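Quick note, the sequence shown lines up with residues 1 to 596 if you use the working numbering.
It should be emphasised that the hints constitute simulated quantities derived from the structure, not laboratory data. In this text, all values refer to a predicted model and were calculated from it rather than measured experimentally. Among these hints, one or two may not hold up.
Said to hold, decoys possible - Computed spacing ranges between beta-carbons, pair by pair:
{"id": "1", "residue 1": "E273", "residue 2": "V163", "range": "29 to 37 Å"}
{"id": "2", "residue 1": "E273", "residue 2": "P506", "range": "50 to 58 Å"}
{"id": "3", "residue 1": "G455", "residue 2": "S245", "range": "25 to 33 Å"}
{"id": "4", "residue 1": "R67", "residue 2": "V280", "range": "53 to 61 Å"}
{"id": "5", "residue 1": "V400", "residue 2": "T576", "range": "23 to 31 Å"}
The beta carbon of each residue, even a glycine, is placed where N, CA and C say it ideally should be.
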Amino acid sequence: MPLIDSYELERVAMVNALDVLDPDLGASLDPITRLAAFTFGVPVVMVTIVDADSQRFISKVGTELTRTDRRVSICAHAIETGDEILEVPDLSKDRRFADNPMVTGEPFMRFYAGAALRSPSGHALGTICLIGYEPRHLTADERRKLVTLVQVVMTHIELKLSVGRREAISGMSNRQQFQADLLTLAERRRGAELHAVLVDVMDLQSANEAGQVLGMAPMESLIRQAGQRLVTLLDGAAKVYHLSSTRFAFVLGGRTAGGLNELLMRLREGLREPLSAAGVPMSPLFHAGVVPFHADATEAGDVVRKALIAVHAALSQGIPIAWYTRDRDDQLTRAYRLAADAEAGLLDGEFHLLYQPRVRLSDLRVRGVEALLRWDHPELGAVSPDEFIPVFEKTALMAVVSRWVMEHAIAQLGQWQAAAPQLQLSLNLSPRDFDNGSPAEELLALCAEHGVDPGRVEVEVTEGEWISNHRHALPQLRTMQGGGVRIAIDDFGSGYSNFGYLTELPISVIKLDRSLVSGIALAPTAALKAEAVIRLARRLGYSTVAEGVENLGDLRLLQEWGCDEGQGYLLARPMTPELALQLATGAALEFGPHPE
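Work out the full structure, taking the sequences as your base and the hints as a guide.
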């Protein structure tokens with residue numbers, strides 16, 4: 001009995017995996033079914049699929065039925081007869097079927113002949129059956145014809161199912177087939193510990209560049225060669241699937257983590273041997289994502305998604321192999337949720353602005369404030385901008401959020417006008433804000449709407465060549481400057497840090513990144529770098545702002561070097577609009593004497 005149960009589980013899994021209940025498949029079989037009715041001279045012919053609980057008629061002639069309960073299915077007996085035909089000359093005289101409601105009542109079936117339709121793996125999917133309302137026998141010639149008909153139907157099914165299951169470039173089984181085979185594997189090897197591996201054989205950017213030079217045909221040839229080499233290197237240990245343009249997958253069992261890593265490193269060495277594309281030798285890359293999983297339908301259904309997470313971890317870290325981790329999965333899920341919840345959060349009042357004072361270092365008076373966005377998520381709690389801003393920058397959300405910040409910050413500056421008419425406001429814009437739309441026109445319009453002099457507004461953009469290479473950024477920054485807005489380069493010293501490209505931009509302020517400023521009083525080499533940047537910037541006519549001022553020794557050095565402004569926790573933390581105004585209209589900040 002356990003053997004029968006095991007086979008039945010596998011059989012039903014195969015029915016589900018092959019998607020043989022697809023209505024399009026049944027419709028494509030209708031001409032064969034009609035021809036069979038004519039050939040055998042029977043009123044009813046059906047192609048049936050037998051699943052766990054029922055019998056489905058995916059193609060039929062002579063009946064309006066679409067399904068019956070498996071308990072009254074005669075075809076359920078036919079699939080158990082091996083390769084033999086189940087022929088019942090008179091159902092009413094066969095004790096197995098004499099009480100069947102289809103025999104004792106409408107449509108009063110009498111004759112039945114059916115043969116099983118078997119998948120290449122040997123699993124019975126269903127039958128093709130002939131039904132008559134009068135007793136009869138098949139002749140020897142008719143039995144041979146029925147066997148041939150079974151072969152014709154099964155060949156048609158296999159051809160139909162193969163459409164959409166092959167990758168056109170390589171001819172290998174594709175993602176749909178990989179997913180179907182995973183589900184079948186889950187039934188056959190239930191509970192076994194397995195590893196799915198997703199291999200990326202080419203850097204997509206390099207492939208695109210090569211394609212522009214060589215054309216797509218050589219690149220497709222290179223991908224085919226890489227796939228076939230992977231098949232050769234695995235030497236029958238696993239079937240290889242072509243999941244997407246440059247990615248192949250396979251499943252291995254019975255290996256330790258260490259053993260699998262060793263195998264993958266051998267595959268890497270073999271795969272990186274040069275291949276020829278249009279006469280040009282090119283070496284495939286190798287980045288692999290590994291997913292441990294148990295042979296279970298639930299886990300198998302999630303393997304491809306987890307493999308993508310793992311292979312992208314390898315790509316982003318520049319390492320050959322990365323294993324799937326739940327932590328990375330959770331981070332991506334959380335990031336997706338933040339992106340999904342952001343717009344509703346703006347409407348529901350979950351976001352608010354804090355303002356961090358910027359202090360003039362010559363007299364320690366608050367000269368301006370920087371608007372900083374904060375998010376109090378109703379379920380996730382306080383979410384750091386270091387977490388949500390990078391998420392927004394990968395989507396179209398950034399422009400929406402930046403518009404919200406501009407609207408609220410400019411409105412707040414307008415409210416401060418009477419009490420602090422000289423107070424400056426600093427706003428941050430992302431490269432994504434320049435992709436579409438007109439942030440310059442929007443900002444100047446908001447200033448006009450709230451009666452704010454644009455000269456009191458400063459826009460901070462991150463340093464980098466993206467500004468001069470971005471089609472819209474430079475014209476927009478020039479429009480802002482032309483309207484009176486000051487432009488600042490933020491985080492200077494954290495990345496590109498080249499004064500050469502700054503001369504091409506309409507900027508007047510350089511903000512030194514905290515990495516360039518923090519701890520300079522205790523690090524002579526770092527102090528030399530910071531001092532050189534500040535003095536050179538001032539000689540070139542830029543105002544300088546030091547971020548990350550967090551101790552008195554650093555502050556005194558910055559004052560000594562002539563840095564114009566400072567910002568950091570020593571001077572003031574981000575605060576509410578009310579406290580920011582109070583600090584801006586109060587006395588100068590006071591600190592102890594210069595440390596000896």
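- Query: Which hint numbers does the structure go against, in order from smallest to largest?
  - Reply: 3
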